[in-house]
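**Student:** As numbered in this note's numbering, residues 1 to 314 make up the sequence shown, in order.
If you're looking for bench data, these hints aren't it; they were derived computationally from the structure.
Cβ coordinates follow ideal geometry from the N, Cα and C atoms, glycine included.
Take the hints with a grain of salt, since some may be wrong.
Here are the simulated distance ranges between beta carbons [to be verified]: (1) 165 <-> 99: 49 to 55 Å; (2) 222 <-> 149: 34 to 40 Å; (3) 216 <-> 99: 43 to 49 Å; (4) 145 <-> 78: 19 to 25 Å; (5) 229 <-> 83: 40 to 46 Å; (6) 222 <-> 35: 18 to 24 Å.
Taking lysine to aspartate or glutamate and the EDC-like style, the derived pairs with C-alpha atoms no more than 20 Å apart in a straight line are [said to hold, decoys possible]: (7) 101 <-> 143; (8) 288 <-> 266; (9) 100 <-> 59; (10) 288 <-> 254; (11) 55 <-> 43; (12) 288 <-> 277; (13) 216 <-> 226; (14) 55 <-> 21; (15) 216 <-> 254; (16) 101 <-> 36; (17) 216 <-> 206; (18) 101 <-> 21; (19) 101 <-> 43; (20) 100 <-> 72; (21) 13 <-> 72; (22) 100 <-> 43; (23) 100 <-> 192; (24) 100 <-> 51; (25) 13 <-> 59; (26) 55 <-> 24; (27) 13 <-> 36; (28) 216 <-> 266.
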Amino acid sequence: MPNAIGIDVGGTKVLGGVVTDSGEILATARRDTPREGGRALTEAIANVATELSQKYPVESIGVSAAGFISSDRQTMLATPNISNWNGVNLVNELTEILHKKIVLENDANAAAWGEFKFGAGRGRNDLMMLTLGTGVGGGLILDGAVFRGAFGIGAELGHMRLIPDGQLCGCGIRGCLEQYASGSALMRHAREAIDASPFLARNLLERGDGTIEGLKGQHITDAARDGDPVAIAAFNTMANYLGAGIASLCAVIDPSCIVLGGGVIDAGELFLAPTREAALRLIPFSSKHPYPEIVPAELGNNAGLVGVADLSRI
1 MPNAIGIDVG
11 GTKVLGGVVT
21 DSGEILATAR
31 RDTPREGGRA
41 LTEAIANVAT
51 ELSQKYPVES
61 IGVSAAGFIS
71 SDRQTMLATP
81 NISNWNGVNL
91 VNELTEILHK
101 KIVLENDANA
111 AAWGEFKFGA
121 GRGRNDLMML
131 TLGTGVGGGL
141 ILDGAVFRGA
151 FGIGAELGHM
161 RLIPDGQLCG
171 CGIRGCLEQY
181 ASGSALMRHA
191 REAIDASPFL
201 ARNLLERGDG
211 TIEGLKGQHI
221 TDAARDGDPV
231 AIAAFNTMAN
241 YLGAGIASLC
251 AVIDPSCIVL
261 GGGVIDAGEL
271 FLAPTREAAL
281 RLIPFSSKHP
291 YPEIVPAELG
301 NNAGLVGVAD
311 LSRI
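All chains should be modelled from the sequences, with the hints used to inform the complete structure.
**Tutor:** Next up, the structure:
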């Protein structure tokens, strides 16, 4: 199959790559995301695609971005991190400039497809992916196809309500999974663990500037690896919430494989093991049937780029 271009649009950068049909990235190009968004962003995407297509011949271009996309996969309906892009028919605009087949996809769906085809889920027929970053991105592959739902917003797994009347989410609802199982949530769990055990927290705080405000996610990960009890407590709290969310999703979807991505996964088995334990404890009838594998993502930050390039061939 011919090479394709995948372009991942974020709040700070537009990153593109030429991708083979085996998932190999042959070349990359990037531009800063224009602050004004809108037409300037469309042109930045087109510039990345043009630069790459001058190096390798391609027949299709896939673009992934965070936000809600119309059910016909033509128009950006809501983009939380990008200005003046809501209502933009990106497929039409890019087709007029590039004269290539253009495919638009949600970034979490693209990442899930990348892992399904070339990463942790290859060889399977289904996959559920949760990307644990500032929020929780969700992607779902069923019977070898991306599940988008009736209106194009299916698999927003991070906005499943976990705790009634819980933490207020950016979506306007209280108690969403991402308020308890994201990188941002890990910081809150760490602050709560520090408040509960200030004496034990001294070593953890010293990894930053000595204050809670100076503490970063990497500090918590490094401390947990070194056996710090407060950092481990924060990860365990998050793992329990994530396991509960996974168990509820399994009752509906029953996937064979759950892929976890995002920076939190750098903690490895310190986080994965308690997440598996919590999920298995809560999955209905788990002793009566095989339970899903819960594994770390393999493609890292390239999953969306690789995935959307491959989706553009379909």
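**Student:** Please go over all the hints and tell whether each is borne out by the structure.
**Tutor:** Hint check:
no. : hint                    : verdict
1   : 165 <-> 99: 49 to 55 Å  : holds (52 Å)
2   : 222 <-> 149: 34 to 40 Å : holds (39 Å)
3   : 216 <-> 99: 43 to 49 Å  : holds (45 Å)
4   : 145 <-> 78: 19 to 25 Å  : holds (24 Å)
5   : 229 <-> 83: 40 to 46 Å  : holds (44 Å)
6   : 222 <-> 35: 18 to 24 Å  : violated (33 Å)
7   : 101 <-> 143             : violated (25 Å)
8   : 288 <-> 266             : violated (32 Å)
9   : 100 <-> 59              : holds (6 Å)
10  : 288 <-> 254             : holds (13 Å)
11  : 55 <-> 43               : holds (19 Å)
12  : 288 <-> 277             : holds (16 Å)
13  : 216 <-> 226             : holds (16 Å)
14  : 55 <-> 21               : holds (17 Å)
15  : 216 <-> 254             : violated (35 Å)
16  : 101 <-> 36              : violated (26 Å)
17  : 216 <-> 206             : holds (11 Å)
18  : 101 <-> 21              : holds (16 Å)
19  : 101 <-> 43              : holds (16 Å)
20  : 100 <-> 72              : holds (18 Å)
21  : 13 <-> 72               : violated (25 Å)
22  : 100 <-> 43              : holds (15 Å)
23  : 100 <-> 192             : violated (52 Å)
24  : 100 <-> 51              : holds (14 Å)
25  : 13 <-> 59               : violated (24 Å)
26  : 55 <-> 24               : holds (15 Å)
27  : 13 <-> 36               : holds (13 Å)
28  : 216 <-> 266             : holds (14 Å)
Consistency note: the structure conflicts with the earlier hints numbered 6, 7, 8, 15, 16, 21, 23 and 25.
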